[in-house]
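Novice: Work out the full structure, taking the sequences as your base and the hints as a guide.
Protein chains: 2
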Amino acid sequence: MRAVEWMPQNRALRLIDQTRLPGESVTVDCTTVDEVVDAIVRLVVRGAPALGAVGGYGVAVAMAQAEREGWDAARLDGEVRRVRDARPTAVNLAWGADRVIPLMGEGIEAVITESDAIMAEDEAANRELSRLGADWILAHTGRDKVRVLTHCNTGFLATTAWGTALGIVRELHARGVLELVYADETRPLLQGSRLTSWELTHDGIDHVVQVDGAAASTILRGLVDVAIIGADRIARNGDTANKIGSVSVALACADAGIPFVVAAPSSTVDLSTLSGEDIPIELRDGSEVTTLAGVVTAPDGARGFNPAFDVTPSRLISAIVTEQAVVEPDGSSPIDALVATS
Amino acid sequence: MRAVEWMPQNRALRLIDQTRLPGESVTVDCTTVDEVVDAIVRLVVRGAPALGAVGGYGVAVAMAQAEREGWDAARLDGEVRRVRDARPTAVNLAWGADRVIPLMGEGIEAVITESDAIMAEDEAANRELSRLGADWILAHTGRDKVRVLTHCNTGFLATTAWGTALGIVRELHARGVLELVYADETRPLLQGSRLTSWELTHDGIDHVVQVDGAAASTILRGLVDVAIIGADRIARNGDTANKIGSVSVALACADAGIPFVVAAPSSTVDLSTLSGEDIPIELRDGSEVTTLAGVVTAPDGARGFNPAFDVTPSRLISAIVTEQAVVEPDGSSPIDALVATS
Numbered sequence: 034m035r036a037v038e039w040m041p042q043n044r045a046l047r048l049i050d051q052t053r054l055p056g057e058s059v060t061v062d063c064t065t066v067d068e069v070v071d072a073i074v075r076l077v078v079r080g081a082p083a084l085g086a087v088g089g090y091g092v093a094v095a096m097a098q099a100e101r102e103g104w105d106a107a108r109l110d111g112e113v114r115r116v117r118d119a120r121p122t123a124v125n126l127a128w129g130a131d132r133v134i135p136l137m138g139e140g141i142e143a144v145i146t147e148s149d150a151i152m153a154e155d156e157a158a159n160r161e162l163s164r165l166g167a168d169w170i171l172a173h174t175g176r177d178k179v180r181v182l183t184h185c186n187t188g189f190l191a192t193t194a195w196g197t198a199l200g201i202v203r204e205l206h207a208r209g210v211l212e213l214v215y216a217d218e219t220r221p222l223l224q225g226s227r228l229t230s231w232e233l234t235h236d237g238i239d240h241v242v243q244v245d246g247a248a249a250s251t252i253l254r255g256l257v258d259v260a261i262i263g264a265d266r267i268a269r270n271g272d273t274a275n276k277i278g279s280v281s282v283a284l285a286c287a288d289a290g291i292p293f294v295v296a297a298p299s300s301t302v303d304l305s306t307l308s309g310e311d312i313p314i315e316l317r318d319g320s321e322v323t324t325l326a327g328v329v330t331a332p333d334g335a336r337g338f339n340p341a342f343d344v345t346p347s348r349l350i351s352a353i354v355t356e357q358a359v360v361e362p363d364g365s366s367p368i369d370a371l372v373a374t375s
Numbered sequence: 034m035r036a037v038e039w040m041p042q043n044r045a046l047r048l049i050d051q052t053r054l055p056g057e058s059v060t061v062d063c064t065t066v067d068e069v070v071d072a073i074v075r076l077v078v079r080g081a082p083a084l085g086a087v088g089g090y091g092v093a094v095a096m097a098q099a100e101r102e103g104w105d106a107a108r109l110d111g112e113v114r115r116v117r118d119a120r121p122t123a124v125n126l127a128w129g130a131d132r133v134i135p136l137m138g139e140g141i142e143a144v145i146t147e148s149d150a151i152m153a154e155d156e157a158a159n160r161e162l163s164r165l166g167a168d169w170i171l172a173h174t175g176r177d178k179v180r181v182l183t184h185c186n187t188g189f190l191a192t193t194a195w196g197t198a199l200g201i202v203r204e205l206h207a208r209g210v211l212e213l214v215y216a217d218e219t220r221p222l223l224q225g226s227r228l229t230s231w232e233l234t235h236d237g238i239d240h241v242v243q244v245d246g247a248a249a250s251t252i253l254r255g256l257v258d259v260a261i262i263g264a265d266r267i268a269r270n271g272d273t274a275n276k277i278g279s280v281s282v283a284l285a286c287a288d289a290g291i292p293f294v295v296a297a298p299s300s301t302v303d304l305s306t307l308s309g310e311d312i313p314i315e316l317r318d319g320s321e322v323t324t325l326a327g328v329v330t331a332p333d334g335a336r337g338f339n340p341a342f343d344v345t346p347s348r349l350i351s352a353i354v355t356e357q358a359v360v361e362p363d364g365s366s367p368i369d370a371l372v373a374t375s
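In order, the protein sequence lines correspond to chains S and W. 375 is the number that my numbering gives the last residue of the first sequence; the numbers go up by one with no jumps. 375 is the number that my numbering gives the last residue of the second sequence; the numbers go up by one with no jumps.
Careful: at least some of the hints might be erroneous.
[To be verified] Not close to chain S: a few residues of chain W, all C-beta gaps over 10 Å, as computed: (1) T52; (2) P55; (3) D71; (4) R101; (5) H173; (6) D177; (7) A207.
[To be verified] Here are a few chain W residues that face chain S, going by a calculated C-beta distance under 7 Å: (8) S230; (9) V242; (10) V244; (11) G246; (12) S250; (13) I277; (14) V280; (15) D288; (16) L325; (17) A326; (18) V328; (19) A331.
[What the hints assert, rightly or not] Derived list of chain W stretches under chain S, where covered just means 3 residues or more per stretch with a C-beta under 8 Å from a C-beta of chain S: (20) 195–202; (21) 222–229; (22) 317–323; (23) 334–342.
Treat the hints as calculated values from the structure; they're not laboratory data. None of these values were measured; they are calculated from a predicted model. Beta carbons are placed, not taken as given, at the ideal position from N, Cα and C, and that holds for glycine.
Specialist: Listed below in structure tokens is the structure:
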């Protein structure tokens, strides 16, 4: 089972509908740009690495639709751009689209093959960064069994397979050195309680779900050895955008003196973004805050303020892990060591 | 309209059912100890100052029930203790009960009169601490209009009238110097979005509701001038227990260099508790985390971890305000200046 899959028979992008989990396990097939964009915007598919693959296959969907409906080149370019820019914060979506766009002239099969490569590379990156991250954590916590706090969902649902921060959790579990996971529920859309807990339950990994407001005190009370989160974009100076609530975990880790680790494939590192101030933060509809699962939680007329991401300054990050390297932002290694030197 | 009211006709403790707000505005009349304890445990009534009055009137309910049902003294003592100890963290509940227990020998009317005095004193304290708090904030932010962040509900619903932290907000609004309130929704039970937003909407005070995870970034982005919270117990060294999520707001304020203010009546100061480590933290049922308004938000079998409060160390608190004084824990005034010297 994968969050993102290409269906050659009907030239469809098949996605696990993550808005329906954990109650229902269903997939949706996107065969039009409208469907792809809608799936991205409604978070049927989310997670920076998964969005990288969606950026690639989304271009293929546009090309197939163009062929069926006889679009001219300008129309196709506009529709490809709609896919590429459907969400602003995670750099991977644009990165995935930009990687296949130069191949459009070679035909849809070339675009699909390149998207398949994005998938394969992401999975390999996740597995490698999980090994590097687990090594770093065991070396720096000095514990036989570690208690991990994580925020949002960074597992196979957020990636092409395995996971980033949750990939490290899986690696620690596989090595028999994981004691317990504290999963922040991650309001407003509850990716932690709906998705992370679902993945951990499936894998038989011992965990508890807590409200986001509990993270700081859980850390300050000494119940956690390390916090590990994913990333939607890592700037050249190490500042990292991730799901709203992440910087609050980082502040607590700094105060408690435990490591705060960011895990992502190198495709999430954006050396053209100089610092966190240059990362666009998606402001989503306030109704996501004032309702939950269809239940209205605030009085009539109340306005929700709903930034989807926050920026953790690099000074609060102990280590950033990609498949290429582990960089300690306060140390001597430059951030560009996180990216392959090709 | 008051959150807590004594009904002499039927010797009942009348409470606004805060679990039903903002959808429904209904009251419940408690005429038995079981009903009083159930209302406290289910958070029909909550908020440290309101619980002080409930502690007093709850003893009166027990006495009335004892009279009707012919309890002996030992039974009555046991039932009074059940009211007093129905929740562990807020010191006010036990404080209110302990204040009227010595009067039980004088009869139920003496207990009711003393409980009425608790109500009147709390309202007066709220109004006075609101003035002191507003003065301190305007002096220390140096702004003409202030943008305030608050957590949980500390308004008239949490007190006998007016409010503590929200009383300061009301005072700032009355003075025409309030720009905007950021109200944290306060998971798991959403006292912020359900109750604070309801009170602010009623008073026409401009505000937005945000998820608790957004508080830190809202503060770090410079959108807030001061955070003001209430307290469930203030220890002798200034460490303060308050609704889960409060310490995370304090960490962000410290990092951003803006004031973090605690507001409470002097009845919340417990000089017999030496530090935050000595404050019992209520661990509530995990299902409050894994569900919301009847909607299951986590997979089958997922466990919720649900501490209801956290402790903010005094080093992170800029000022503690009671009706007696404003104390800056890092300054020279001792914490006992917060309590009346009688």
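Novice: Give a verdict on every hint.
Specialist: Against the structure, the hints come out as follows:
no.	hint	result
1	T52	13 Å, holds
2	P55	4 Å, violated
3	D71	23 Å, holds
4	R101	39 Å, holds
5	H173	22 Å, holds
6	D177	22 Å, holds
7	A207	21 Å, holds
8	S230	4 Å, holds
9	V242	5 Å, holds
10	V244	4 Å, holds
11	G246	3 Å, holds
12	S250	3 Å, holds
13	I277	5 Å, holds
14	V280	5 Å, holds
15	D288	6 Å, holds
16	L325	5 Å, holds
17	A326	4 Å, holds
18	V328	4 Å, holds
19	A331	4 Å, holds
20	195–202	violated (count 0)
21	222–229	holds (count 3)
22	317–323	holds (count 3)
23	334–342	holds (count 7)
When each numbered hint is compared with the structure, violations occur for hints 2, 20.
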